[in-house]
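Trainee: Single-letter residue listing:
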Amino acid sequence: MKALKLTVSVCVMVVSAASFGSGDAKAPSVAPKPDLPPLPVENTGYIESLPKDYPESWMFVDEAAFFSMFAGKVILLDVEEKHPPKRIKAIADKALLGNFAEAKSREEFYIMESFHQRGSRGPREDVLAFYNKTTFKHEKDIVWEGRTRLQALPERYAMALSADEKFLYVANFSPAASFSVVDLDKREVVDTIGTPGCVLTYPTGQRSVTSICSNGGLLTTVLDKNGKKKSQQRMAPFFNTDSSPIFERPVIIDGMAYFPGFEGQMHSVDFRGEVAKYVEEWHLVKDAERKHNWRPSGLALNDKDDNGLFYILAHKDGAEGTQTHGGSHVWVVDPKTKKRLKTLELPNWGISIAATRGKNPKLVVTNGDLNLDIIDPKDGSLYQTIADFGNMTPLLVHKAH
Amino acid sequence: MSLFDRFFEKTARRKAQTGSRRGFIKGLGAALVGTSTIPLLPVARAADGANPKLPQDIEAGDPASCDYWRYCAVDGFLCECCGGTYNSCPPGTEMSPITWIGTCRNPVDGRNYVISYNDCCGTTQCGSCLCQRDEGDRPLYRSDKSNDVNWCLGSSSSIYHCSTAIVVGLAFEE
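So the sequence lines, in the order shown, correspond to chains A and B. So the first sequence is numbered by this note's numbering: it starts at 9 and just counts up by one. So the second sequence is numbered by this note's numbering: it starts at -6 and just counts up by one.
Since the hints were made in silico from the structure, they are not lab data. Hints are supplied without guarantee of correctness; some may be wrong.
What the hints assert, rightly or not - Partial list, computed: chain A residues near chain B (C-beta under 8 angstroms):
#1 F144
#2 K148
#3 I150
#4 S182
#5 P183
#6 P211
#7 C221
#8 N248
#9 S251
#10 F255
All residues carry an ideal CB built from backbone N, CA and C; glycine is no exception.
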């Protein structure tokens, strides 16, 4: 039985090498050279590790695995690597629509996930898993009290870190809304704070968390130095959740949050102070485009780069119901001047977008085939399309640091 | 060709897409079509027992098609294609009692009905007849209208399998 398994395993390896290497990766057909010395015996048990600081072109792909949610995962991927077998750097499990966040100053990332004891049955546990970024080894689980963590399509702000990365904020939805505060030094939950009618965790100031509410306003929770609730303050509604809804997915640049509306409005909110402050409304859509119902649209429809710009997917002929369908174009926006600098036509329909780090970013667009198109935002040209990296539904892509 | 057409070709789930370009990969859907309803919170209303079929359903089209009238808000795998029906769960699953509400117009009698999109839970994803229609869908901050959440919240298992679309009343006109 063992021998058979080995044989099968070798066959698979041979096929894989031929199939997934570069185009000319056929096994060399040279005459044997028996006069060469034999290969030395190699050590077993060696496991690769990763650099402390990831290159700018590495990204965390949140693979939601919508058709097999047990098998969700986070894939660390070099999106600029041209040689397909070298793109995947490491993979971590992320079960049942788990949520992901990465620390910048700590060598760790976090996955909030759920398990039933026997697959789909048995008691459920919600678990916050700590991973080391250089080894990708799992280091610790914190078991949640009750079945409360938010289980939804991937969000950038289902978890977030405080400005000093001392605390991790984790969104809960049972459907009662709350968030938990995790002390990352002690690796323990220090408080769980109710946010009635308000969801998600936008980091605010040094020790505050803002959530978006069902009445069209915001709720800021101010924490004390130990991560416990100090006070809460509600901001008056600034949009109508029925008639002028906004996406719950802001781009946050240097503490300023830009929430897009379904019809192209932009709402600027200041998250730099202790409590969130509404600033102003402006518009992304030009008059001529409005006639053709151009609108922002997509799942993770926007992201920022390190130059202070943001990118947002858009399509024409928008209507009620098209808000999450994605777009044919990308609008490049400078939020400081409130100007759209450029419109890029995508080579394929896009449903989610992200930007790599650095002065010369690339756009990472989840396309209609649920592969990743890597786009140069300077001219909209296609750098490459990445497929066959274990992807099924890569709905959200994060920068990796 | 839209992303949805290509996505569904790739995943061979065209059956549920007849007559509609819609379709995506969310857990559930919510919609508000043709009229307004009194805002409702997620409710506990899982139906029990057999449900009679009347002309309003029989004559209204194919319940395995994404454009069937009740699915104006559904977003997920149609239970009709998974061993259940539009208002019953497949064998071996459990109906979540907590869900959200949409409003759909029946084309046969012209009335607007309140539809409860109860999930069937406890078995891995059905994977057939994926259907998305986002009219009236709102982000997580309006949980009563949000299809981004896994609504297998009130069931013993949180594993999402497929979605039903159950008539729970006539819609109130504002």
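Trainee: Hint compliance check: list the failing hint numbers for this structure, sorted ascending.
Mentor: 1, 2, 3, 6, 8 and 9
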